[in-house]
Amino acid sequence: MTELLRLLWTFLKLGAFTVGGGYAIIPLIHQEMTAAGYMTQTEALNMVAISQMTPGPLAINAATFAGMRTAGVAGALTATVGVVLPSFVLATLAGKYFFRFQESTLIRSMLSGMRPVVLALIAAAALELSRETFFWERAVPLWERVDLPALAVAAVCAVAALTVRKLPPALLIAAAGVFGALFLR
Amino acid sequence: MKQLLQIFTVMFRIGLTTVGGGLVMLPQMTREYADRRGWVSRDELFDLFAVAQSLPGVIAVNASILVGYRLAKIKGAAAAVLGAVLPSLLVLIAVAVWYDRFIDNPFVLGALRAVRGCVVALLFCVSLDMRKKAFPDGKAGDRLFSIAIAAAALALAFLTRVNLIWIILGGAAAGLLYSAARRKGGRRDGAS
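Order-wise, the sequence lines are chains Z and U.
So for the first sequence, this note's numbering puts the first residue at 1; every next one is plus one.
So for the second sequence, this note's numbering puts the first residue at 186; every next one is plus one.
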């Protein structure tokens, strides 16, 4: 029971403090899961990858997966309710009272400070995840520790995402998955 | 009642068929609600989407709640969010149950190895993409302020173990202080 309450609290926080959508929740969820000892780094990384490969919003997928791994079906439900609840309260209030919600100066000036933070947090997550993703944990010379094929996949993905306008990320992820299943076994 | 059921099934179908994050759900919602059914106008939907993006939380969930509320008040919001979330819940519960069994499969390991690389690349691209929104053109001071905030947040997140939520709240506080200071037409506050 206390486990479920802790999950609920964790995911309420994540739901209430992410601005800027799915990618912004990745650094937060990663930190919460590994710091609390719910998951190893690799498992957390796999969680992000799996959430990308499955249908639906990334954050909901990650929350369900994390809750399920920590406390079974009850955990999955708790985590998902936790992420959604702040949205439900805030969005229905906005739907009721709003319409000029995002034109309020107060909200605008808060967001003007939060947006650069979100950008930085995503960049920091990318840097930290790079370490986990592209390097093996082995006491061998540095050049043998680099996972070159994975790095090459990342480079191709980055170039494709930056040059082809409106390329759906799902397509890139799917292509990478097929490539990996066939050639990186 | 019939409309509630329809809201639920539309969202369920969209949730089940969009891979690659919630933002892909927005164009699908436009097609279903505005183009196909004409329940709301495109303009109104885009307004709702803008609000959905500036509220905290999952954008696709916010958007479905706002559209549901617009169509059938609180019940509509509940139907929409249930429909949007349920596919994820079911699929990911199944994935998590089977995780231990498939995670050692060489095909899965290979696929995950490549997808993880791709995800990291996408994260870099997303943060690069956000720079236009995060660092507004406008006045040079505004731009400098937001770049300084980003640099401070990056250093804190990467070099320390501080909880990221505090960094986000710090950003909000800095934004408030900055615009308060600017409105007084005077000094800039360095707190962050």
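If you are wondering where the hints come from, they were derived from the structure by calculation, not from laboratory data.
Values in this document were obtained by computation on a predicted structure and should not be read as measured data.
Hints may be right or wrong, so weigh each one.
[As the list claims (entries may be wrong)] Taking lysine-lysine pairs in the BS3-like style, the calculated list, with each CA pair at most 30 Å apart, reads:
id : chain 1 : residue 1 : chain 2 : residue 2
1  : U       : LYS260    : U       : LYS318
2  : Z       : LYS166    : U       : LYS260
3  : U       : LYS260    : U       : LYS324
4  : Z       : LYS13     : U       : LYS187
5  : U       : LYS187    : Z       : LYS96
6  : U       : LYS258    : Z       : LYS13
7  : Z       : LYS13     : U       : LYS369
8  : U       : LYS369    : Z       : LYS166
9  : Z       : LYS166    : U       : LYS187
10 : Z       : LYS96     : U       : LYS324
11 : U       : LYS258    : U       : LYS324
12 : U       : LYS258    : U       : LYS369
13 : U       : LYS317    : U       : LYS258
14 : U       : LYS324    : Z       : LYS13
15 : Z       : LYS96     : U       : LYS258
16 : Z       : LYS166    : Z       : LYS96
Hints versus structure:
no.: 1; hint: U:LYS260 with U:LYS318; result: 34 Å, violated
no.: 2; hint: Z:LYS166 with U:LYS260; result: 35 Å, violated
no.: 3; hint: U:LYS260 with U:LYS324; result: 44 Å, violated
no.: 4; hint: Z:LYS13 with U:LYS187; result: 35 Å, violated
no.: 5; hint: U:LYS187 with Z:LYS96; result: 23 Å, holds
no.: 6; hint: U:LYS258 with Z:LYS13; result: 26 Å, holds
no.: 7; hint: Z:LYS13 with U:LYS369; result: 34 Å, violated
no.: 8; hint: U:LYS369 with Z:LYS166; result: 42 Å, violated
no.: 9; hint: Z:LYS166 with U:LYS187; result: 36 Å, violated
no.: 10; hint: Z:LYS96 with U:LYS324; result: 34 Å, violated
no.: 11; hint: U:LYS258 with U:LYS324; result: 41 Å, violated
no.: 12; hint: U:LYS258 with U:LYS369; result: 41 Å, violated
no.: 13; hint: U:LYS317 with U:LYS258; result: 35 Å, violated
no.: 14; hint: U:LYS324 with Z:LYS13; result: 34 Å, violated
no.: 15; hint: Z:LYS96 with U:LYS258; result: 9 Å, holds
no.: 16; hint: Z:LYS166 with Z:LYS96; result: 33 Å, violated
Against the hints set out earlier in the document, violations occur for numbers 1, 2, 3, 4, 7, 8, 9, 10, 11, 12, 13, 14, 16.
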